[in-house]
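Residue numbers (our numbering), protein chains in the order written: chain L, 5 to 838; chain E, 102 to 392.
These are computed hints drawn from the structure, not numbers from a lab.
Only a predicted model underlies this, so the values are computations on that prediction, with no experimental measurement involved.
You may find that some hints are simply not true.
Cross-link-like lysine-lysine pairs, in silico, PhoX-like; alpha carbons within 25 Å at most [to be verified]:
| id | chain 1 | residue 1 | chain 2 | residue 2 |
| --- | --- | --- | --- | --- |
| 1 | E | Lys169 | L | Lys325 |
| 2 | L | Lys281 | E | Lys318 |
| 3 | E | Lys381 | E | Lys169 |
| 4 | E | Lys277 | E | Lys318 |
| 5 | L | Lys281 | L | Lys325 |
Covered by chain L, per the in silico footprint, the following chain E stretches (three or more residues, Cβ under 8 Å) [to be verified]:
| id | segment |
| --- | --- |
| 6 | 214-220 |
| 7 | 283-292 |
| 8 | 336-350 |
| 9 | 368-379 |
Here a beta-carbon is modelled for each residue, glycine too, at the ideal position from N, C-alpha and C.
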Amino acid sequence: MGTSQQPVLGPAGLFAGYPVAAHGFDEAFDAGGRPRPHWDTLVQAMDRYSSRDWQERAETLRRLQRDYSLPAAPGERQAPPWGFELDLVPLVISPAEWACLEPALIQRARLWTALLADCLGPRRCPAEGVFPSALLYANPAFLRPCSGLAAGANSPLFMIACDLVRSRAGQWSVLSDYTRIPHGAGPALQHRMTLSRVLTEEFRSNPVHRLAGFFQNARDWLRGLAPENRAYPLVALLTPGPGNPAWPEHAFLARYLGFALVEGADLTVRDRRVFIKTLEGLRPVDVILRYLDDNLCDPLELRSDSVVGVPGLLEAIRGGKAAVANLPGASLLEANAWYACLPALCHRLLGEPLLLPGVGTWWCGDPDGLAYVMEHLEELVIRPAFQGLGRRITWPQNLTRERRRRLLRAIRENPHEFVGQSIIDTATTPSLVRGRLEPCPYVLRMFLAAQGNQWSVMPGGLALLLEEAEGDSGIPIASGAAKDVWVLSPDAVAPATLLSPASQVVRPERSASQMPSRVADNLFWLGRYAERLEDMIRVLRCALARLAEETGREMSPELVSLTRLLVQLDLLPQRCWDPPPADALQKELLQLVYQTHSLGTVREVLGRLRQIAFALRDRFSGDTWLILARLNEEAARPPAGMPAAQALNLLNNLVVHLAAFSGMEMENMTRGHGWRFLDIGRRLERAINATTLAQAGLALGNPPASTLEAMLEIADSVMTYRRRYFAQPEWGPVLDLLLADDTNPRALAFQLQALKNHGQELPRENSSTGFSLDRLRPLEQQLEQADWPALVAGRREAGGQALDQLLQALGTSLREASNELTHVYFSHAGMQVN
Amino acid sequence: MNYQVIHRTEYAYETDVSVAHHLLHMTPLDTGRQRLLEHELRLDPPPRCRRAGEDYFGNRSVFITLEKPHCRFEIVAQSRVEIQAAAWPLPLATPAWDAAPPGDSQAAASAAAGEFRFNSPLIQQRSEYADYARASFPAGRPLLDAVLDLTRRIHQEFVFDPQATSVSTPIEQAFKERRGVCQDFAQVQLACLRSLGIPARYVSGYLETLPPPGQPKLAGADASHAWVSFFCPGHGWIEVDPTNDLLASERHIVTAYGRDFGDVSPARGVILGGGCHTLKVGVDVLPMPAP
Chain L
5 MGTSQQPVLG PAGLFAGYPV AAHGFDEAFD AGGRPRPHWD TLVQAMDRYS
55 SRDWQERAET LRRLQRDYSL PAAPGERQAP PWGFELDLVP LVISPAEWAC
105 LEPALIQRAR LWTALLADCL GPRRCPAEGV FPSALLYANP AFLRPCSGLA
155 AGANSPLFMI ACDLVRSRAG QWSVLSDYTR IPHGAGPALQ HRMTLSRVLT
205 EEFRSNPVHR LAGFFQNARD WLRGLAPENR AYPLVALLTP GPGNPAWPEH
255 AFLARYLGFA LVEGADLTVR DRRVFIKTLE GLRPVDVILR YLDDNLCDPL
305 ELRSDSVVGV PGLLEAIRGG KAAVANLPGA SLLEANAWYA CLPALCHRLL
355 GEPLLLPGVG TWWCGDPDGL AYVMEHLEEL VIRPAFQGLG RRITWPQNLT
405 RERRRRLLRA IRENPHEFVG QSIIDTATTP SLVRGRLEPC PYVLRMFLAA
455 QGNQWSVMPG GLALLLEEAE GDSGIPIASG AAKDVWVLSP DAVAPATLLS
505 PASQVVRPER SASQMPSRVA DNLFWLGRYA ERLEDMIRVL RCALARLAEE
555 TGREMSPELV SLTRLLVQLD LLPQRCWDPP PADALQKELL QLVYQTHSLG
605 TVREVLGRLR QIAFALRDRF SGDTWLILAR LNEEAARPPA GMPAAQALNL
655 LNNLVVHLAA FSGMEMENMT RGHGWRFLDI GRRLERAINA TTLAQAGLAL
705 GNPPASTLEA MLEIADSVMT YRRRYFAQPE WGPVLDLLLA DDTNPRALAF
755 QLQALKNHGQ ELPRENSSTG FSLDRLRPLE QQLEQADWPA LVAGRREAGG
805 QALDQLLQAL GTSLREASNE LTHVYFSHAG MQVN
Chain E
102 MNYQVIHRTE YAYETDVSVA HHLLHMTPLD TGRQRLLEHE LRLDPPPRCR
152 RAGEDYFGNR SVFITLEKPH CRFEIVAQSR VEIQAAAWPL PLATPAWDAA
202 PPGDSQAAAS AAAGEFRFNS PLIQQRSEYA DYARASFPAG RPLLDAVLDL
252 TRRIHQEFVF DPQATSVSTP IEQAFKERRG VCQDFAQVQL ACLRSLGIPA
302 RYVSGYLETL PPPGQPKLAG ADASHAWVSF FCPGHGWIEV DPTNDLLASE
352 RHIVTAYGRD FGDVSPARGV ILGGGCHTLK VGVDVLPMPA P
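Go ahead and model the full structure; you've got the sequences and the hints to work with.
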């Protein structure tokens, strides 16, 4: 028949020169080099691409991936979203193949569920010798406090993932299972969103199963787990936080599924019920989708040093009022040792033969397994039998004699801690990752979700590409590139839109009851630090500029006075009251800019700003990130050559970037509670700074007019003053402009007005505990009515303390207001364990 | 013997604690030779919620949540127990420690024992422990005889020193420095026994101490205590006290069994706020006339 085959591929097409695996299995091409039928449409279409075509598409793909991904932290390289570089060529799975895989995967999920229910429940299997009891009792992931949690009505597993490999003979087997946290479902969905936009034609001309249905069902089933309040359950996705490498996936899934994204500190257990701490107080949580390690879930009963968990969570599960998916304790299934007895377990627990074999595994805790491993060491890879043993994967083939001896001794001493596993030569699939089309080994990650006892498989997944590890004997490791997986339907596929799930996502800021206090807290401090940084930069810029203008040998009285202002502001140490020589003074000022390890320098505050912004990563647009990244880049450049000029240049640039940042905030942020807390932080900090500046200036007594001018410059009010008074600055009008003028956006009065407005919009937890800025009211009136020249004149007379007292009272009230705000809205002080 | 046990624990905090969760293991067990006659748990301030339960190991536990701001918290656990003297086998009548290969065949004889043969969160087996223990375990020696020899050696070679360790000192350090308190003595012996493949569990409880002859007993002079229980094929669990070089007697009152201290810590808690805290613990074990 072969003779009748036409040469299907063009000599100059994308697939020209694609090597036909002589002794292997390739997904797309058979041994004769012909596309397999289910690949035919795709291969024909893509083969028509010119090299420019596919390069353009690859570029578009990269760009779209960037748009979809969350921005990297400022100063860090933009990593591909969730660590995966997306390949242009998908992996195609035929309807016939799917018809075999789907039931086999579902059987596997049922098997794991039954095994977990027994291990966390009656433990009949180890008691009856279905598996050696050491398989459970020596497993460090068998968390005893989780025992008994599986007694509820819900399946202890909700979502799992399996990694499959295909051998060169074309047979599938399972390499790993993920029962704790099935990472990758988010990237799989996101890859589909991106790739279907780049390969629009190819996607439409193939009957590709859509993914949206799987996610919609998963979301509804998860809501259905709510023990009470089934009509409007609150589902929270529990993440360890932005420091976790998988956090972008958590943020993406929470947003896509319409769940609240929470960290452990956002939740609290009261009376065996889980609540989320919001700006409006505690709100019950019904279902928790857990992306946290089992052992970290509850510091009361599990690892006591966990600061990301929720104390009392296990008790809440026992109380039956919170559903947690997957159930804490599920990670005991993630042990290689199980694979040695899975066929027997399947017979015993399900009464069925295991449909999908695991990779051949021999557990050394079993005498027969140990004998086999010792005898076939060269053909195996040695893996830890359980997770959490601190042991590594070893390939006995390329060990030195000494290391081999040590490995054998370790196995004999603690045989139950090791398994031997067959090495699989994996099949390949065409990939465009290195700029040309190559056959590439891969692992197929599939996802399953449960409704009660019914499981469904996501018709798609992630194909993780492998590459040969350096220095090892050709054992492939994950390369960081992934493919979309197209599962073809035997019938035409009804179009389903992925981008808008059936129920729209509510923007969390709209309602204070949905905004976690922690987020508001971070936004508040973001505002304060941004403002603090700007203030500091303005002061330093002013001083450095004056210092640079200094020509004489002796320091001018103007500069002496300005230096003392900086001492009063606590920026320079007391010993600078009588200023050191210009060189030394310059050095002091430059340290205030560049040092990172002392408190209160420009770079140190910038570091704090960056840290807080990082924690709020999902709340900023890409443009805002660009600004923050610039801020950081600029400041990281060390001065050389002309340090003063460079520092000035840096400070000028920073002022501009900060202005851009606050511009973004004013123009682009929705006026919800998030923005409000950010702005309250900014206003409070600016009010405190204005008060401090006035106090510092007044402490100098009767400084030269140049110091008053410097103060105006620091408060960015020089222009206004000149336009208004056409004269040398004097205390009376300067104080009026800096403190009392409610039309000057830099003046204290302006901040108080803004704070008052915010205060009326703040959420009230209970009417009694609501926060108000009323305490500032009388001071505001005093400000309004102040006769500044008289007050200044009064200072020269005995007992004329009225002005100083007013400023003192203002400073104190502002700081108290900040503390009270913290107490009322952010009272989630750090957890302690004893 | 009948005893009255009063176990007082007081936390004092620098600043207010707004929410506190505590998990207590302070209720003595009912065992073959011990019976709990009365038990009362007094909590001040009273908690918002309190629930008694049974943990994985069959111990009695109590969960407590305080939701009102407080700067001190006092727990007084008062129990009356009745204990009978143990009838331990004669050491030379126990089977040789290496008679059956210490593996699944033995552990399978008692699924419960299999649990206590492996590493636990605080006790990791190491060859050093096996090497140390081996001097007491020559081939063929009866198990209890060997264990008692190990108990005596730990008692002799380790210094009882409350300053040397705290509740969080890793067992490696106590072993290396050869000093510690009952918790360390017990965990060192557990590590030794498990390293030889012998199932052994941690016992948390109280010990009646006797004042020097002629002197009255001081209030609060006792302490919570810890010792070791190991599995002897054919005889079941046998308890030894390495701190005092004893077989457990009717003066040993059992509160809980676990793999190590972490499973049965008398009081464990997570609090919100509080700043620094100080902890005062006092235990009285008073012999009572039999009713």
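Do the hints match the structure? See the list:
1. Our distance criterion of 25 Å between C-alpha atoms is met by E:Lys169 and L:Lys325, whose separation comes to about 22 Å.
2. Among the hinted pairs, L:Lys281 with E:Lys318 is inconsistent with the structure: their alpha-carbon atoms are about 51 Å apart, more than 25 Å.
3. For the given pair, E:Lys381 sits about 22 Å from E:Lys169 by alpha-carbon distance, which is consistent with the 25 Å threshold.
4. At roughly 35 Å between alpha-carbon atoms, E:Lys277 and E:Lys318 are farther apart than 25 Å, so this suggested pair is violated.
5. A threshold of 25 Å between alpha carbons decides the hint, and for L:Lys281 with L:Lys325 the separation of about 17 Å falls inside it, so the pair holds.
6. Only residues whose beta carbon comes within less than 8 Å of a beta carbon in chain L count, and the segment 214-220 of chain E has 5; three or more means the coverage holds.
7. Residue count for the segment 283-292 of chain E with a Cβ under 8 Å from a Cβ of chain L: 0. That is fewer than the three needed, and the coverage hint is violated.
8. For the segment 336-350 of chain E, the stated coverage by chain L is violated: 0 residues have a C-beta nearer than 8 Å to a C-beta of that chain, whereas at least 3 were required.
9. Three residues within the 8 Å Cβ limit are the bar, and the segment 368-379 of chain E against chain L gives 8, so the coverage statement holds.
Hint violations for this structure: numbers 2, 4, 7 and 8, all remaining hints satisfied.
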